[in-house]
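*Asks:* Letter by letter, the sequence shown follows residues 1 to 188 of full-length UniProt numbering.
Hints in this document: simulated from the structure, not taken from any laboratory. On a predicted model such as this, the values are computed, not experimentally measured, just so you know. Glycine included, every Cβ here is placed at the ideal spot set by N, Cα and C. Please note that the accuracy of each hint is not assured.
As the list claims (entries may be wrong) - With a straight-line cut-off of 20 Å between C-alpha atoms, the simulated SDA-like cross-links for lysine to any residue are:
1) LYS74 <-> LYS126
2) LYS126 <-> THR181
3) LYS97 <-> MET158
4) LYS68 <-> THR86
5) LYS79 <-> ALA93
6) LYS176 <-> LEU121
7) LYS68 <-> LYS156
8) LYS97 <-> LYS126
9) LYS97 <-> ILE115
10) LYS74 <-> GLY48
11) LYS75 <-> THR86
12) LYS176 <-> THR130
Said to hold, decoys possible - Computed beta-carbon distance windows for the label pairs:
13) GLU155 <-> TYR64: 36 to 46 Å
14) VAL179 <-> LEU83: 35 to 45 Å
15) GLU88 <-> GLY152: 19 to 29 Å
16) HIS62 <-> GLY152: 28 to 38 Å
17) GLY178 <-> GLU94: 42 to 52 Å
18) GLY161 <-> ALA82: 24 to 34 Å
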Amino acid sequence: IYSMLALPTHRLGSSYCLSHLGTRRIAPRVRTVVAAHTAMAAVPPEFGYVAGVVAASWFVHHGYMAFKVMQARKKYDVKYPALYATPEDCPNAEYRKAFNCVQRGHQNSLEGQPIFLAMLLTAGLKHPVTAAVAGAVYLAGRVAYMQGYATGDPEKRMRGGFQYAGLFTLVGILVKWGVQTAVAALNK
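Please model the entire structure based on the sequences and the hints provided.
*Replies:* The structure is reproduced here in structure tokens:
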């Protein structure tokens, strides 16, 4: 820690040496670094897999799917700032439906992304490899969902239904962990 702070080890400004952390004053910057270092020790080494799935989630939702919407805007001539094609913006009913399917596939995925990420990160603290695999299954399902929806036939979005195997695995990890914690607390 000392080398990361680039501060002398015997005094930290008006604070005391880090070897006397117990009841002595510590500079706010040092407290933050010490707390971050302690928190990092609680993260399993395999948590990097979870971090990789978080990054993949960004690429799926804000790369691949966003690109699909941009392509559809151009193909069906739907101008910004319209979120969905309306009869006023897009008189061709077939184009309107096709664009709205692509847009809705992206929007629906974005609506679920925050809870997915929260569950992935939390479950990853307890079972990082299982959580990462479940997250990857979920994302593959989201890609299949988007590909199906983007055909213009909303029923084809169901091709991505296997995403729920990944999502419910994350829910299962969290429920198991919560129940185990509650039972342990009750047994004390």
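*Asks:* Hints first: check each against the structure and report whether it holds.
*Replies:* Structure-based check of all given hints:
Between LYS74 and LYS126 the CA atoms are separated by roughly 44 Å; this puts the pair beyond 20 Å, and the hint is violated. The straight-line distance between the Cα atoms of LYS126 and THR181 is roughly 12 Å, inside the 20 Å bound, and the hint therefore holds. A distance of roughly 17 Å separates the Cα atoms of LYS97 and MET158; the hinted pair therefore holds under the 20 Å criterion. Only pairs whose Cα atoms come within 20 Å are accepted, and LYS68 paired with THR86 is accepted, the gap being roughly 19 Å.
Among the hinted pairs, LYS79 with ALA93 is consistent with the structure: their alpha-carbon atoms are about 16 Å apart, no more than 20 Å. Distance hint between LYS176 and LEU121 is fulfilled; the C-alpha atoms sit about 15 Å from each other, no more than 20 Å. Taking the CA atoms of LYS68 and LYS156, the gap is near 16 Å; set against the 20 Å cutoff, the hint holds. Note on LYS97 and LYS126: the hinted pairing is violated, with a Cα-Cα distance of about 43 Å set against a maximum of 20 Å.
A C-alpha spacing of about 28 Å is found between LYS97 and ILE115, which places the hinted pair above 20 Å, so the restraint is violated. For the proposed pair LYS74 and GLY48, the alpha carbon gap of about 38 Å is over 20 Å, so the pair is violated. A hinted pair counts as satisfied when its Cα atoms are at most 20 Å apart, and LYS75 with THR86 qualifies at roughly 15 Å. The suggested pairing of LYS176 with THR130 holds, with an alpha-carbon distance near 13 Å, which does not exceed 20 Å.
Separated by about 22 Å at the C-beta atoms, GLU155 and TYR64 break the suggested range of 36 to 46 Å. Restraint check, VAL179 to LEU83: a C-beta distance of roughly 41 Å satisfies the suggested window 35 to 45 Å. Checking the proposed 19 to 29 Å range against GLU88 and GLY152 shows it holds: the Cβ atoms sit about 20 Å from each other. Judged by the Cβ atoms, the range 28 to 38 Å given for HIS62 and GLY152 is violated: they are separated by roughly 23 Å.
Distance hint for GLY178 and GLU94: a CB-CB separation of about 48 Å, consistent with the stated range 42 to 52 Å. The hint said 24 to 34 Å for the Cβ distance between GLY161 and ALA82, and at roughly 30 Å that hint holds.
The structure shown violates the earlier hints numbered 1, 8, 9, 10, 13 and 16.
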